[in-house]
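Top to bottom, those sequences are chains A and B. The numbers in numbering that gives the first Met the number 0 rise by one with no breaks, and the one at position 321 of the first sequence is 320. The numbers in numbering that gives the first Met the number 0 rise by one with no breaks, and the one at position 680 of the second sequence is 679.
Hints were generated in silico from the structure; no laboratory data involved. We put the CB at the ideal spot given by N, CA and C, even for glycine. It cannot be assumed that every hint is accurate.
[Unchecked claim] What follows is a list of derived Cβ distance ranges for each label pair: (1) Gln39/A with Arg698/B: 52 to 60 Å; (2) Lys245/A with Gly700/B: 23 to 31 Å; (3) Asp707/B with Glu144/A: 32 to 40 Å; (4) Asn711/B with Gly197/A: 51 to 59 Å.
[Unchecked claim] Computed, partial: chain B to chain A, Cβ under 10 Å: (5) Ala298; (6) Leu467; (7) Tyr471; (8) Arg660; (9) Thr662; (10) Lys664; (11) Arg667; (12) Lys668; (13) Val670; (14) Asp678; (15) Gln689; (16) Ala690; (17) Lys693; (18) Lys694.
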Amino acid sequence: MIKHKMRAAGPVLVAGTGERCLSALNSRQFLTEDGAVSAQREILVKEASLYIHWPYCLKRCSYCNFNKYIPKGDNNHIVSQCLQQEVATLLQLSQVSRVTSVFLGGGTPSLAHPSTVSDILEAVSRQVSLAHQAEVSLEVNPTPEGRAKLKDFSHAGVNRFSIGVQSLQNDDLSRLGRDHSAHHALQTVEEARRLRPGKVSVDVMFGRPGQSLASWEAELSELLQLCDDHVSLYQLTPERGTLLFKQIRGGEVTLPGDHVMAEMYESARRTLQRHGFEQYEVSNFARNSEVSHHNMSYWKGRQYIGVGPGAHGRFVPLGLGGAHREARTQTLEPDVWIREVRRHGHGTRRRIQLGHLALLEEVLVMGLRMTEGITHKHWQLFSPQLGLRDIFGSSADVQEFFHRGQLTLDDGGLHCSRDGLALLDSMLPTLLLELERQQTVESAKS
Amino acid sequence: MHSPLKSVNSISQNPLRVLRQQDVSAREVLVRGCFRTVIMIASVVQRWCGTPLPRCILLFKIYRKKTPNYCMSYSMLRRCWMNKLPVLSNNFKMQLLNLTTQIDKQEVIDLSKFPVERIRNFCIIAHIDHGKSTLADRLLEMTGAIAKTDKNKQVLDKLQVERERGITVKAQTASLFYTHRGQQHLLNLIDTPGHVDFSYEVSRSIAACQGVLLIVDANQGIQAQTVANFYLAFEAQLTIIPVINKIDLKNADPERVESQIEKVFDIPREDSLRISAKIGTNVEKVLQAVVERIPPPAAIVHDPFKALVFDSNFDHYRGVVANVAVFAGHVKKGDKIVSAHLGKAYEVSELGLLRPEEHPTQKLFAGQVGYLVAGMKDVKEAQIGDTLYLQDQPVEALPGFKPAKAMVFAGMYPVDQSEYPGLRSAIERLTLNDSSVTVQRDSSLALGAGWRLGFLGLLHMEVFNQRLEQEYNASVIITAPTVPYKAVLSSAKVIKEHGREEITVVNPAQFPDRSVVSKYLEPMVVGTILAPDTYTGKIMTLCLNRRGIQNNMVYVDDHRVMMKYLFPLNEIVVDFYDLLKSLSSGYASFDYENAGYQAADLIKMDILLNGRPVEELTIIVHRARAYSTGKAVCERLKDSIPRQMFEIAVQAAIGSQIIARETIKAYRKNVLAKCYGGDITRKMKLLKKQAEGKKKMRRIGNVEVPKDVFINVLKRKNK
Chain A
0 MIKHKMRAAG
10 PVLVAGTGER
20 CLSALNSRQF
30 LTEDGAVSAQ
40 REILVKEASL
50 YIHWPYCLKR
60 CSYCNFNKYI
70 PKGDNNHIVS
80 QCLQQEVATL
90 LQLSQVSRVT
100 SVFLGGGTPS
110 LAHPSTVSDI
120 LEAVSRQVSL
130 AHQAEVSLEV
140 NPTPEGRAKL
150 KDFSHAGVNR
160 FSIGVQSLQN
170 DDLSRLGRDH
180 SAHHALQTVE
190 EARRLRPGKV
200 SVDVMFGRPG
210 QSLASWEAEL
220 SELLQLCDDH
230 VSLYQLTPER
240 GTLLFKQIRG
250 GEVTLPGDHV
260 MAEMYESARR
270 TLQRHGFEQY
280 EVSNFARNSE
290 VSHHNMSYWK
300 GRQYIGVGPG
310 AHGRFVPLGL
320 GGAHREARTQ
330 TLEPDVWIRE
340 VRRHGHGTRR
350 RIQLGHLALL
360 EEVLVMGLRM
370 TEGITHKHWQ
380 LFSPQLGLRD
390 IFGSSADVQE
400 FFHRGQLTLD
410 DGGLHCSRDG
420 LALLDSMLPT
430 LLLELERQQT
440 VESAKS
Chain B
0 MHSPLKSVNS
10 ISQNPLRVLR
20 QQDVSAREVL
30 VRGCFRTVIM
40 IASVVQRWCG
50 TPLPRCILLF
60 KIYRKKTPNY
70 CMSYSMLRRC
80 WMNKLPVLSN
90 NFKMQLLNLT
100 TQIDKQEVID
110 LSKFPVERIR
120 NFCIIAHIDH
130 GKSTLADRLL
140 EMTGAIAKTD
150 KNKQVLDKLQ
160 VERERGITVK
170 AQTASLFYTH
180 RGQQHLLNLI
190 DTPGHVDFSY
200 EVSRSIAACQ
210 GVLLIVDANQ
220 GIQAQTVANF
230 YLAFEAQLTI
240 IPVINKIDLK
250 NADPERVESQ
260 IEKVFDIPRE
270 DSLRISAKIG
280 TNVEKVLQAV
290 VERIPPPAAI
300 VHDPFKALVF
310 DSNFDHYRGV
320 VANVAVFAGH
330 VKKGDKIVSA
340 HLGKAYEVSE
350 LGLLRPEEHP
360 TQKLFAGQVG
370 YLVAGMKDVK
380 EAQIGDTLYL
390 QDQPVEALPG
400 FKPAKAMVFA
410 GMYPVDQSEY
420 PGLRSAIERL
430 TLNDSSVTVQ
440 RDSSLALGAG
450 WRLGFLGLLH
460 MEVFNQRLEQ
470 EYNASVIITA
480 PTVPYKAVLS
490 SAKVIKEHGR
500 EEITVVNPAQ
510 FPDRSVVSKY
520 LEPMVVGTIL
530 APDTYTGKIM
540 TLCLNRRGIQ
550 NNMVYVDDHR
560 VMMKYLFPLN
570 EIVVDFYDLL
580 KSLSSGYASF
590 DYENAGYQAA
600 DLIKMDILLN
610 GRPVEELTII
620 VHRARAYSTG
630 KAVCERLKDS
640 IPRQMFEIAV
650 QAAIGSQIIA
660 RETIKAYRKN
670 VLAKCYGGDI
680 TRKMKLLKKQ
690 AEGKKKMRRI
700 GNVEVPKDVF
710 INVLKRKNK
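Turn these sequences into a full structure, and let the hints guide you.
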């Protein structure tokens, strides 16, 4: 209804009226708005990042609940073909004109043949523009085999490596089910840095079974000697359905207590800062501004297209005549996914339309994970009617976060303090309720 | 005053309500009678009015087609002719009554044939599962009251909960015809509730009897309830026939049980009968003993009518059905009777024997036991223990009547407030049949609108809850039970406010301050515990911890000990029995009876969250137990309140003095480590759920408390 009205009203529509849903974007409607904002909005549906999921691993890690499979035979070629086909189909559906970044995750995407990457990049380029300097990241398992392929991957177009070091303790690595040693990992980092200096990230995990604060601090210092300009730091989280979860429940394995976990996180943040790493997200740290552009686009609420078994996407399927952003999930199981891609060109299993509120909720939840938080401009892109101050300025519950210094709302926007960031998930339910309340009031008005 | 016709008519105003009627057996009885009555009435009306009643008959037919429920068509017909004939002479009514009575005459038992000397009134008392209901089944079969089939299991136990728990909640009565030495006797078996929660009902049932069969399991021997029941019968000076049941069991040791009975009850071992109710061994001897050992009732036929109400049921169609024992005179249909307790008058519309189904008769005579319908609309009008007499011949009420008094209170709340109306009607319907439950509306900030219900005891409460769930499919939150305290007021002003010096306090919020009170009183019970002597030490420790004072301790045989303790009721209402069972590996049995009130050092304890009292957690507690109770509540709260962004102090306080404290540490880190494109759907779902949950939380100051926490802390722990 509203959409229809707006179309009819077209260019005479003035700023601050009517527009309920960002995904109903139509450039003509914003002629009278602030030029920069409207241009930004236009870009929002014209651009997307691309996530490619490689579903296979050689071994199952005890903590991992990702969608991964131990391959039964070598069907890499088929999977590679299907990935290309699905890329083509989904790009067509989304009608985007530019892909801003590509990320190959998994599973263990470094198991794929490097030509898979070049084929996919070609498939992308055939349809849309892919900037020459666009970030193309690959998750790398730091085994000797993985290391040996880095060069070829680099040639194939990968310009950023994310290396799953996880730990520098061999005992811990084998206990977690990793198939590499600390030495392998360091060699891989070295090789990656040689190939793509400044563009190498290492993943490291804290809060491992039996880990002490002191040993973690020592380990991190050792890592910092060798790492490049990006570190992702994850607290080990036992997920339902994993071996680790079972081991913990069965009492075979104990993780450090909450207090120690918090201390490990704090200590790591301090150490990284000392070494010139700036925290830009809950778990991500970069030196020399070498942030992950691909991941930033998730946190900034941009469109992304997920390709491969179980991959998630968020985009407006303009090609289907869609006007709303959708949360899309591809079929989980590789064999079934392959069948579907071959039959229909894609294996999208689930499409859920995100309403205006749902979209704003995601923007809020993701945006506050960044240290810079959500700027007013960023928010306005998605919520032209209700500003951050309108929503969070008057709530007593949110005021409490301000008073305790956990959250700030100022000219820069809404962002967590250093302490607040570690407690974000305790604040989010309150913030979401407030958003919902104000949004309901606003909808009732119009 | 109600005429029987009028009352029947008004009860059946809503035919749907009649259809919903639960009591199938009662309906069947009616169906048989009513169908014939309909035809008779039709002809009477025709005779009196001189005109046929095509409309009525038509109506009747329509309803017969729609539903096979004859009762409904019957009521429709009655309404129909009542409308047509607004003024009816009494003469006509009498004629009608005579007609209906005649119908029953074909299968009528002439009760006047049974002089008092050939009547025996007895009941069976036993510990749970010692075989009371099975013996009753056998007695019913042998006397032809019910057909002998394998399916006769606990015929007198009608409720699902009774069959499941092996207990009798509602007493059932059966009149048996038994020929002994060529003479037919009328034996009235008055089944009693099997638990001392219902001891008042038991005592009233006992008051209608001259003898009891005291059943003891040949394997288990005397148990706590056996003792409690024995004393009820003994104090009522009834003839006690010990019956050792289950002698067919492999581990049966009737000799040991005989000596227990001799030792504990002082009954010679030769007096005990050894039977197996299950396979029928020696059951005939039980009937012989009933006739030979139990004296006939001391009833006088020629005196004015006097009857004891020893049970009552509610029938949606006829209203209250009272079970009565006639002590003097006789009663017949149409008699105007009065309840001594309320002074209200009623007209008897139906009466008869229970065999165990209702079997209408013309009259009930002194010494006999049966049922009576007299247009009472509420079970509270036929309270157990009340006396009935003829309106024009008042008599002195039978001694011992007291209205049922609730001893255990618990809050009852719907799990979801939208279920409130459904739960309300379920509670209303259940209490229709159980006048001993007191119902008071209550509301809690945490749990919403609900009720505070009063029960006779713990089992009574459990049974009520189970019936709510099983028969009405209602799911409820039940708070931990509390007991009624009393306070003797000292301040003249406060006394004036309450209109009396001694007040009963059920809700902790109404607990009067020490400054206006001269003393507090708490309800006491005498608990009987029977257990193998290996557990004596543990049991004594438990009792001591519960402020129990040992009255005595006797060995009932070489290995089993009987202990009597005086307990504050409060100390045994929550988990005492569960603990007793677990520390004795299930071998200890426990029972208790009320023992009045005793002065106690009671205090009101507040529970604070960051210094703010939580109203619904206020507890009345004995000073000696304040610390342990406060500590336990704080610990339970600590375990169930989720950590928040700030520290929470959980405290128990008496006045301004903090007696226990637990701290819920603040979260220092609570943020998802990995949140990328594939993680957000799941994360959003979780956050939305948490946000929804927040809406339902109760805020105490800045502390958010989920409803579950209150449920965890307030509700009874599951057994």
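So, going through the hints one by one against the coordinates:
1. Gln39/A with Arg698/B: 52 to 60 Å: Violated - the Cβ-Cβ distance for Gln39/A and Arg698/B, about 40 Å, lies outside 52 to 60 Å.
2. Lys245/A with Gly700/B: 23 to 31 Å: violated (40 Å)
3. Asp707/B with Glu144/A: 32 to 40 Å: The hint (32 to 40 Å, Cβ to Cβ) is violated, given that Asp707/B and Glu144/A are roughly 51 Å apart.
4. Asn711/B with Gly197/A: 51 to 59 Å: For Gly197/A against Asn711/B, whose Cβ atoms are near 54 Å apart, the range 51 to 59 Å holds.
5. Ala298: Violated. Min distance 71 Å.
6. Leu467: Hint violated; Leu467/B Cβ to chain A Cβ min 35 Å, cut 10 Å.
7. Tyr471: violated (36 Å)
8. Arg660: With a closest approach of 20 Å, the Arg660/B hint is violated.
9. Thr662: violated (13 Å)
10. Lys664: Status holds, d = 8 Å.
11. Arg667: holds (4 Å)
12. Lys668: holds (4 Å)
13. Val670: Where the cut-off is 10 Å and the nearest Cβ of chain A is about 4 Å from Val670/B, the hint holds.
14. Asp678: Asp678/B check passes; min Cβ-Cβ to chain A is 8 Å, inside 10 Å.
15. Gln689: holds (4 Å)
16. Ala690: This interface hint holds because 4 Å falls under the 10 Å limit.
17. Lys693: Holds, because the Cβ-Cβ distance from Lys693/B to chain A comes to roughly 5 Å (cut-off 10 Å).
18. Lys694: Nearest chain A Cβ about 7 Å off; hint holds.
Comparing the model with each earlier hint shows violations of hints 1, 2, 3, 5, 6, 7, 8 and 9; every other hint is respected.
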